[in-house]
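Order-wise, the sequence lines are chains Y and V. 124 is the number of the first residue of the first sequence in the numbering used here; add one for each residue after it. 4 is the number of the first residue of the second sequence in the numbering used here; add one for each residue after it.
Derived from the structure by calculation, the hints contain no laboratory data. No experiment lies behind these values; they were computed from the predicted model shown. Even glycine gets a Cβ: it sits at the ideal position worked out from N, Cα and C. It is possible that part of the hints are untrue.
Claimed, not checked - Have a look at the derived ranges for each label pair, beta carbon to beta carbon:
| hint | chain 1 | residue 1 | chain 2 | residue 2 | range |
| --- | --- | --- | --- | --- | --- |
| 1 | V | Leu281 | Y | Asp297 | 38 to 44 Å |
| 2 | Y | Ala232 | V | Arg369 | 56 to 62 Å |
| 3 | V | Val45 | Y | Met189 | 54 to 60 Å |
| 4 | V | Thr360 | Y | Pro135 | 30 to 36 Å |
| 5 | V | Phe125 | Y | Gln139 | 53 to 59 Å |
What the hints assert, rightly or not - One side of the interface only, derived from the structure: several residues of chain V facing chain Y at Cβ under 10 Å:
| hint | residue |
| --- | --- |
| 6 | Val82 |
| 7 | Pro83 |
| 8 | His86 |
| 9 | Arg88 |
| 10 | Ala90 |
| 11 | Arg91 |
| 12 | Met95 |
| 13 | Thr96 |
| 14 | Trp103 |
| 15 | Pro107 |
| 16 | Lys110 |
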Amino acid sequence: MLEVIDVRFSYPNQDQQLHFHLTVPDHSALVVAGASGSGKSTLLALIAGFLTPSAGDIRWHGASLMGLSPSDRPISMLFQNDNLFPHLDVWTNIALGINAGGRLSPDSAVLIRESMADLGIGGMETRAIPTLSGGQQQRVALVRALVRARVHHEHQAGIARPLLLLDEPFSALDPETKENCLGVVRQMVNQFGLTAILVTHDPNDAAMLGADVFFLKPAA
Amino acid sequence: MLTGLAFVIPTTVAASGLLAIWGRHGVINQGIDQANALLPFVTIPELPSFFGVKAVILAHIFFNAPLMIRVFLPRLLSVPDNHWRLARMMGMTPFQQFHWIEWPAIKPMALPLMGLVFLFCFSSFALVLMLGGGPRVTTLEVEIYAAIRIAFDLDLAVGLTVLQVVIAFAVLGVMMLHPMMRQAMPQAVMPMRPPARFMLASPSPLLRGVDMLVVLGLVVMLVLPLLALMVKGLGGEMIAVMTSTKLWRAMGNSVSIALASALFVTGAAMVSAEWRVLVSLKTTQLGQHKTQIMLILMESSVMVYLILPAIVMGTAWFILLRGVANVFVIAPFLVLMANVMMALPVAYRLLIGKWMTMRHQDERLRLAYGIRGMRGFRYLTIPVMSREIGLIFGMVAAMSMGDLGVIALFASADFETLPWLLFQQAGRYRVDEAAATAVILMLVVVMLFGLGHGLGRWLSLPRSLYRASDMTTHATDHS
Chain Y
124 MLEVIDVRFS YPNQDQQLHF HLTVPDHSAL VVAGASGSGK STLLALIAGF LTPSAGDIRW
184 HGASLMGLSP SDRPISMLFQ NDNLFPHLDV WTNIALGINA GGRLSPDSAV LIRESMADLG
244 IGGMETRAIP TLSGGQQQRV ALVRALVRAR VHHEHQAGIA RPLLLLDEPF SALDPETKEN
304 CLGVVRQMVN QFGLTAILVT HDPNDAAMLG ADVFFLKPAA
Chain V
4 MLTGLAFVIP TTVAASGLLA IWGRHGVINQ GIDQANALLP FVTIPELPSF FGVKAVILAH
64 IFFNAPLMIR VFLPRLLSVP DNHWRLARMM GMTPFQQFHW IEWPAIKPMA LPLMGLVFLF
124 CFSSFALVLM LGGGPRVTTL EVEIYAAIRI AFDLDLAVGL TVLQVVIAFA VLGVMMLHPM
184 MRQAMPQAVM PMRPPARFML ASPSPLLRGV DMLVVLGLVV MLVLPLLALM VKGLGGEMIA
244 VMTSTKLWRA MGNSVSIALA SALFVTGAAM VSAEWRVLVS LKTTQLGQHK TQIMLILMES
304 SVMVYLILPA IVMGTAWFIL LRGVANVFVI APFLVLMANV MMALPVAYRL LIGKWMTMRH
364 QDERLRLAYG IRGMRGFRYL TIPVMSREIG LIFGMVAAMS MGDLGVIALF ASADFETLPW
424 LLFQQAGRYR VDEAAATAVI LMLVVVMLFG LGHGLGRWLS LPRSLYRASD MTTHATDHS
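Looking at chain Y on its own, in the form it has when it is part of the complex (with noise of 0.2 Å):
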């Protein structure tokens, strides 16, 4: 379960304070809603540990995330835009969410080969980034979440299940594409037991994607 208690920030140079407290079940989905400037995308950063509260503690399973790095918390994050390297291709991309050295086991490599197979981007491996559309894009961005998240869980033990932190990414596809990559979403906590929480501004997506809706109030 992951559970953020009472979780206070501030943007320097702005007088409103951000607040939030939430929990999320564990194998579950849970869709992120508010109006701009509620603090949506700040939520996820603060959870992933790209930004830190002022007061307050982030836990997963009970232990704090407090201080930890980002490569050293449970995390795989989807953002909006910039999710790939363009002057890398699609593998090495992929590979890079795994090991930062570029190194792979056998068996990373297959749970590579076989996401992108079961995401319909099979045989893609040496395309370049900039030569495939804004789905598959993004579909090679979930296929290094999933294959991340499946590594971590196999090898860090002291894990129990790594957290899928999806900030607004499908909002710019076509509503077919969105449809299909949030279906891989569905599939990845169902199947594989992954945590999921989604920033959007579309309230079709909780009923896509079968979560629960939290709304966030604009800060005072």
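Since the structure of chain Y is already known, use the hints to place chain V on it.
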């Protein structure tokens, strides 16, 4: 901002600044002398002569390190924030971050920039002349100058000039093949805004410390010579130099040439850019092939001056005109011409990118409403391009003011410029006089650059066709 200094500080001033620290009468040797006077039993040896290869290399680092920073830093800052976040999420080490993110960002510019720096150093004149310390450390340009002014061996000068031109054209060929090379210069000279964020900062305190040390070292390297020069220049001989008629005559010549060059270059760059736009807009009328040829010819003719050193150009003028006119009488005109030709490619490059974008964006609107000629120029072009126009004016004025190139060939007792006067004072070991002249030159250069900045701001002021008086008249008519 400090890195921008290297583009406006004249080479003669920088050389004087370096001498003010490392030279025989520099700050360090003065400190050693004072220490020796205080220490009775120990004698600290003075620094050996600064002139030679090490001085030339240090001076070229002074000018080219900022160029590298100004090209590489925007590229690193253009890496999306999410890529740095991904690096942190993936747990990349600093080396892995360099390998996967930073190097790919700067790689396209690395080779072209090295080529550009090579070109600058290869065609270096004033720094080598002032700091080389004799014939052992020289360049083709210095040899051409020596052949004309000292040995008066015109055959040798022609031979060296031809060699320089051949090399210059070979480099031009490479430059035209590599589009990034053409981008390197405008990126380097455009004003840089300080980064709003510090995503580049290494998370490791040790590496952050190393980064800080390197940055501090560069700041010291850039600022210290200028500070030493100010201290030396504002002391001793400043009043004597300020009251000399020679200085004011040289100043008058330099400022006149600087302002005239700035005016010509700014105008010529705008006309060239507009012409380039018109050719590209008329592609369908001219045909693809013809347009392509015209564009290549035009770009090459503008670019060629970028790689032709002033001395080469001056030698060509000297040889061409000496049979028909007294070159020393028409020296001001020749210096002006050389400055205009050499500044034009940089000015054109600075202007063309944004000019093309602006004109292609609003061409249909201009056509639809018939906003052509001066009206379009005043209300549509100038406000958008004001920053660049001001920058070009200031930069060209500063460059021309500080140039010690063609003037070295044509200077005489009747026609001197401030850099030439400074060079002569330094050559006669009048160190304090040279330092004072260098400070004056530096201040005038900064003022001219500021003038360009002010011009840019003035041009950017909103221009409205609204006149309150028109409304009053209109209302009165109705009543």
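Hint check results:
1. Leu281(V) / Asp297(Y): 38 to 44 Å: holds (40 Å)
2. Ala232(Y) / Arg369(V): 56 to 62 Å: Check passed, 58 Å falls within 56 to 62 Å.
3. Val45(V) / Met189(Y): 54 to 60 Å: holds (58 Å)
4. Thr360(V) / Pro135(Y): 30 to 36 Å: holds (34 Å)
5. Phe125(V) / Gln139(Y): 53 to 59 Å: holds (57 Å)
6. Val82: Holds, because the Cβ-Cβ distance from Val82(V) to chain Y comes to roughly 9 Å (cut-off 10 Å).
7. Pro83: holds (4 Å)
8. His86: At 6 Å from the nearest chain Y Cβ, His86(V) passes the 10 Å test, so the hint holds.
9. Arg88: Arg88(V) check passes; min Cβ-Cβ to chain Y is 6 Å, inside 10 Å.
10. Ala90: holds (8 Å)
11. Arg91: With Cβ-Cβ at 4 Å, under 10 Å, it holds.
12. Met95: holds (4 Å)
13. Thr96: holds (7 Å)
14. Trp103: holds (7 Å)
15. Pro107: Since the shortest Cβ distance to chain Y is 4 Å, the answer is holds.
16. Lys110: holds (9 Å)
Checked against the numbered hints above, the structure breaks none of them.
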